[in-house]
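Sequences are here, hints too, so could you generate the full structure?
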Amino acid sequence: MPKCVENKNAWLTLSKEYLVTTKWLKLRKDQVRTHNGKEITYTFLDHPGSVLVVPMTAEREIVFLRQYRYTVNDWCWEVPAGSIESADLRTESLRELQEEVGLYAMISFL
Numbered sequence: 014m015p016k017c018v019e020n021k022n023a024w025l026t027l028s029k030e031y032l033v034t035t036k037w038l039k040l041r042k043d044q045v046r047t048h049n050g051k052e053i054t055y056t057f058l059d060h061p062g063s064v065l066v067v068p069m070t071a072e073r074e075i076v077f078l079r080q081y082r083y084t085v086n087d088w089c090w091e092v093p094a095g096s097i098e099s100a101d102l103r104t105e106s107l108r109e110l111q112e113e114v115g116l117y118a119m120i121s122f123l
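The opening residue of the sequence shown carries number 14 in the working numbering; numbering runs sequentially from there.
Just so you know, these hints were derived from the structure itself, not from any lab. Errors might be hidden in some of the hints.
Only pairs whose alpha carbons sit at most 27 angstroms apart, straight line, appear in this in silico DSS-like list of lysine-lysine [claimed, not checked]:
1) Lys39 <-> Lys51
2) Lys51 <-> Lys29
3) Lys29 <-> Lys39
4) Lys42 <-> Lys29
Structure representation (structure tokens):
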């Protein structure tokens with residue numbers, strides 16, 4: 014993962030514990046020492062990242078797909094998106110588009 018800025022006062026990770034591990038994410042709890050020396054527990058979702066593709070036809074129409082989402086107990090209209098498996102975002106975007114819609118396309122990044 015790229016660093017935002019060089020930081021000489023970064024927090025120090027003292028320990029890591031994975032509380033939940035699934036195919037899509039991990040819930041991680043770390044003990045850390047902050048830049049001012051305070052020791053705290055920091056809990057967060059450890060996720061590999063994701064891509065979102067907005068497929069557009071030659072007629073400039075956006076292609077949506079309808080998927081059931083358990084968390085809202087309803088069918089939702091959305092664009093293809095998913096977790097990444099590598100750092101190559103072009104390949105990941107094309108894979109996601111092919112998996113979810115069955116299409117191949119030229120990819121442009123915003």
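Verification of the hints:
A threshold of 27 angstroms between alpha carbons decides the hint, and for Lys39 with Lys51 the separation of about 25 angstroms falls inside it, so the pair holds. For the given pair, Lys51 sits about 17 angstroms from Lys29 by alpha-carbon distance, which is consistent with the 27 angstroms threshold. In summary, the hint linking Lys29 to Lys39 is supported, as the alpha carbons are separated by about 12 angstroms, within the 27 angstroms threshold. In summary, the hint linking Lys42 to Lys29 is supported, as the alpha carbons are separated by about 6 angstroms, within the 27 angstroms threshold.
Violated hints for the displayed structure: none, as all numbered hints are satisfied.
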